[in-house]
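Chemist: Sequence:
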Amino acid sequence: MKILSDFKFNGEKVLLRVDFNEPIKDGRLASNFRLRATLPTIEYLLEQSAKVILLTHLGRPEGKVEEELRTDLLGKDLSLLIGRKVKKLDGCVGEEIKKEIDGMRPGEIILLENVQFEPGEKANNPKFAAALAELADFF
Numbered sequence: 001m002k003i004l005s006d007f008k009f010n011g012e013k014v015l016l017r018v019d020f021n022e023p024i025k026d027g028r029l030a031s032n033f034r035l036r037a038t039l040p041t042i043e044y045l046l047e048q049s050a051k052v053i054l055l056t057h058l059g060r061p062e063g064k065v066e067e068e069l070r071t072d073l074l075g076k077d078l079s080l081l082i083g084r085k086v087k088k089l090d091g092c093v094g095e096e097i098k099k100e101i102d103g104m105r106p107g108e109i110i111l112l113e114n115v116q117f118e119p120g121e122k123a124n125n126p127k128f129a130a131a132l133a134e135l136a137d138f139f
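Numbering (this note's numbering), first residue to last: 1 to 139.
Keep in mind that the hints were calculated from the coordinates and are not lab data. Hints should not be assumed to be uniformly reliable.
[To be verified] Pairs of lysine-lysine residues, derived as DSSO-like cross-links and limited to a Cα-Cα distance of at most 27 Å, are as follows:
1. K64 x K87
2. K99 x K25
3. K88 x K25
4. K2 x K88
5. K13 x K88
6. K25 x K98
7. K127 x K25
8. K25 x K8
9. K127 x K85
10. K127 x K76
11. K64 x K8
12. K76 x K25
13. K2 x K85
14. K99 x K87
15. K76 x K13
16. K8 x K85
17. K8 x K122
18. K13 x K85
19. K2 x K25
20. K2 x K64
21. K122 x K98
22. K13 x K98
23. K85 x K98
24. K88 x K122
25. K87 x K127
26. K8 x K87
27. K88 x K64
28. K127 x K98
29. K85 x K25
30. K127 x K88
[Said to hold, decoys possible] Pair ranges (Cβ atoms, derived):
31. G11 x K64: 19 to 29 Å
32. K122 x K8: 31 to 41 Å
33. P126 x A30: 16 to 26 Å
34. E66 x D19: 33 to 43 Å
35. P40 x K76: 32 to 42 Å
36. K76 x P126: 15 to 25 Å
37. R28 x A129: 25 to 35 Å
38. S49 x I24: 18 to 28 Å
Where a beta carbon is used, it is the ideal one built from N, C-alpha and C, also for glycine.
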């Protein structure tokens with residue numbers, strides 16, 4: 001089985017599924033443990049000049065948008081932890097999302113919106129999975 005260090009990511013787009021399902025209290029993250037746990041992987045990809053696209057869920061929105069479960073707070077905290085700008089997008093798939101990702105430079109980070117806002121996520125929809133896969137060179 002291949003491991004992360006077996007690949008060369010120079011300039012490649014990497015869609016990384018992460019578990020940033022952190023507790024929120026009074027409009028703030030109550031913990032950043034899960035964010036911190038991913039830092040070594042994200043930092044490794046950045047050192048390899050990858051274009052890092054992060055995909056996560058937050059809470060259980062069941063395929064509908066819930067404002068308090070948007071990933072904005074996660075992006076802000078991650079940016080502070082990693083010492084780099086994390087650009088947050090307002091969706092997971094579609095032409096606008098693809099355009100933003102295609103315009104990335106090596107070493108940049110994009111955080112997609114809560115994947116569970118998408119009905120195709122819980123339904124395990126093959127078209128949704130294909131749309132996600134089209135966003136990156138590595139998944």
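Chemist: Evaluate each hint against the coordinates.
Modeler: Hints and how they fare:
1. K64 x K87: Answer holds: K64 to K87 is near 22 Å, not above 27 Å.
2. K99 x K25: Violated. K99 to K25 sits at ~34 Å, over the 27 Å cutoff.
3. K88 x K25: holds (21 Å)
4. K2 x K88: violated (30 Å)
5. K13 x K88: Holds, at roughly 16 Å.
6. K25 x K98: violated (32 Å)
7. K127 x K25: violated (35 Å)
8. K25 x K8: violated (40 Å)
9. K127 x K85: Since the Cα atoms of K127 and K85 sit roughly 31 Å apart, the hinted pair is violated (cutoff 27 Å).
10. K127 x K76: Violated, at roughly 30 Å.
11. K64 x K8: violated (37 Å)
12. K76 x K25: holds (16 Å)
13. K2 x K85: violated (30 Å)
14. K99 x K87: OK: K99 and K87 at ~14 Å, within 27 Å.
15. K76 x K13: Within the cut-off at roughly 21 Å; holds.
16. K8 x K85: holds (23 Å)
17. K8 x K122: Violated: K8 and K122 sit about 32 Å apart, past 27 Å.
18. K13 x K85: Holds, because 17 Å separates the two Cα atoms, which is no more than 27 Å.
19. K2 x K25: violated (39 Å)
20. K2 x K64: Given that 27 Å is the threshold and the Cα spacing comes to 36 Å, the pair is violated.
21. K122 x K98: Within the cut-off at roughly 22 Å; holds.
22. K13 x K98: Cα-Cα ~11 Å, so holds.
23. K85 x K98: The given pair, whose Cα atoms are some 19 Å apart, holds under the 27 Å limit.
24. K88 x K122: holds (22 Å)
25. K87 x K127: Answer holds: K87 to K127 is near 25 Å, not above 27 Å.
26. K8 x K87: Distance ~23 Å between K8 and K87 Cα, so the pair holds.
27. K88 x K64: Within the cut-off at roughly 18 Å; holds.
28. K127 x K98: holds (15 Å)
29. K85 x K25: holds (24 Å)
30. K127 x K88: At roughly 23 Å apart (the allowed maximum being 27 Å), K88 and K127 satisfy the hint.
31. G11 x K64: 19 to 29 Å: violated (36 Å)
32. K122 x K8: 31 to 41 Å: This hint holds: roughly 34 Å between Cβ atoms.
33. P126 x A30: 16 to 26 Å: violated (36 Å)
34. E66 x D19: 33 to 43 Å: violated (18 Å)
35. P40 x K76: 32 to 42 Å: Once the Cβ atoms are compared, 20 Å apart, the range 32 to 42 Å for K76 and P40 is violated.
36. K76 x P126: 15 to 25 Å: Violated: the Cβ-Cβ distance is about 33 Å, outside 15 to 25 Å.
37. R28 x A129: 25 to 35 Å: holds (33 Å)
38. S49 x I24: 18 to 28 Å: At roughly 33 Å between Cβ atoms, I24 and S49 fall outside 18 to 28 Å, so the hint is violated.
In summary, the numbered hints that this structure violates are 2, 4, 6, 7, 8, 9, 10, 11, 13, 17, 19, 20, 31, 33, 34, 35, 36, 38.
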